[in-house]
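There are 2 protein chains.
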Amino acid sequence: MENVNLKTIADKLHLSTATVSKALRDSHEISNETKQRVLHLASVLNYVPNPYASSLRKRVSKTIAIVIPEVDDSFFAEAINGIEAIVQGKGYHVLIYLTHESFEKEKAIFMDFQSGRVDGVLLSVSAETVSTHHISNLQSHQIPIVVFDRICDEISTAKVCTDDYNAGYTATKHLIDNGYRKIAYLSISKTLSISGKRMKGYSQALTDNNIPVKEAYIVECTLNDEYNNAVIRNLLQSKSRPDAIIASVERLTTNIYLVCQHLQLKIPKDIAVISFSNLKTAAILNPSLTTITQPAYEMGKTAASLLFKSIEKKSFPLDTVVQLFPSVLIPRDSTIKK
Amino acid sequence: MENVNLKTIADKLHLSTATVSKALRDSHEISNETKQRVLHLASVLNYVPNPYASSLRKRVSKTIAIVIPEVDDSFFAEAINGIEAIVQGKGYHVLIYLTHESFEKEKAIFMDFQSGRVDGVLLSVSAETVSTHHISNLQSHQIPIVVFDRICDEISTAKVCTDDYNAGYTATKHLIDNGYRKIAYLSISKTLSISGKRMKGYSQALTDNNIPVKEAYIVECTLNDEYNNAVIRNLLQSKSRPDAIIASVERLTTNIYLVCQHLQLKIPKDIAVISFSNLKTAAILNPSLTTITQPAYEMGKTAASLLFKSIEKKSFPLDTVVQLFPSVLIPRDSTIKK
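Quick mapping for you: the protein sequence lines, in order, are chains A and B. Counting from -11, one number per residue, gives the positions in the first sequence under my numbering. Counting from -11, one number per residue, gives the positions in the second sequence under my numbering.
Since the hints were made in silico from the structure, they are not lab data. You can take every hint at face value.
In silico lysine to any residue, SDA-like type, Cα no more than 20 angstroms apart, as pairs: (1) B:K268 - A:A271; (2) A:K297 - A:L312; (3) B:K268 - A:N212; (4) A:K23 - A:A6; (5) A:K202 - A:L223; (6) A:K93 - B:N34; (7) A:K268 - B:L211.
Take the sequences, apply the hints, and build the full model.
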């Protein structure tokens, strides 16, 4: 099939391309009769306007981007569904970009956005992100950004997140209340704000209950499963083995359970486990997993709604909005009373 | 920050925009000295070429799209990682589009692609997709497409998939060998080719072992968890309750386990379960889950490699390639011998 463009239509109707273009844009300069001839032929030939040409004129791509570290995480999968629930019906496309926790990749993606490829961005920063220059740079191009879940306090825009400090505190307090005292904390990044806040809640809960914070019980994990298994094995084979673990991200659950299987440690008898997680399989794990669960779907919906408010009305003050959603502790067998 | 464009640079250097444009494209018409002045200023001003304008000239978006039904599935999460492993270093962007199993959404996305937004497409069709006109239409616009996992036999292009018939046969044979005879099959779509092929393998294995294929044991599920729980509960409360279930997609595993918990049925004593699944938690479920697992990462890599062959060399004959990857049965506790 040949490419149908303005010229194809113009040639067939013996009109100029300018006239065809104006007719398609419903210009008052063109007669109704001509408009109808053009629209009819455009429809018959299955003419699709070139959005690049159209974007050059209108600077509207009718596209929003979701920039997230990974999709292999139930929180993001659910949040995406929440976002799409809002975008549905707005006539927008949703593009998902993955940073794989790389700051370089995040910067490259944002650089690309400067050219007007998208009308707005929903962002959850990578674990490596240490500065926000790429973000403010894009904002200066009048492209609105809303951050969700993994926010950066320094960014001046709307933030949709959970109360990570409280969630970390609640998780730790739950373990203490159930008789656990030697509580380890697995983080994935020292720079990531959610990780830092969750850990502060953990430290404070220990301190409030007269339990010293032990350096050896705070372990930094990565995206590499083999590395994670090794450091967890190390932790569980150490002389002063913890009696409970808090996993600050979902993906570490499988690592912990598998290492315990391998070392023949029973959960929760030998070691209790609680994880920040939206895993659908939490209730059918062996044993069922106590989780701190975020309202991912609602957070996605709220972030997308805020973004569209700004897209539709440039004066909407994004920078004053902070939406905090409480997370929920769902107690299951992995942390039952000692 | 003001928008830096060709005119900004031209004005500051007292050149025409045409000269600046040619200098940036390294045209032989422009002197080296002028080129260096232009490039220097472009760098100082942080000039980003407009890809829309550039696309209009070159018809190259340096972008490929992945069109899949959902991300809340370990197969697709792993396949995306495989695809990105190939795209990495090619200087391309990857956009992920979700159809949420809707044929209408899939068609709308493909319509949008006709305008040159992407240079190539990796597709896994929705459960609802019943015709392939939207796909051949895009192919006629010279945009290469590779289908993976959920293929359509009718599409004339490269196909990367697993041997779904054999996998269905192997899963069924495994259950029969372990003493199960009343085997139910949960599908998610009658039109989806992988679902149909897996079911044919199931039927054939039953027939080869003199077990009649029972209509009541073939149950169609949806994307709705409540609906799925209801039909599975129905199946497990029927007079002639099956003694084994094959789940043709990963997402049904949680439904089956939860319904069994609720009905106090023990897996595998009361009912064995095997699932097509790449779930990382398969080994830590209660009980651990026997799976048919696809080499998702490798399939993603292969699909992306084929697509780039076609993008880089228009004459590469995509339509003759079919890459079949064997799936692997991983036996665990959910199907142990009766």
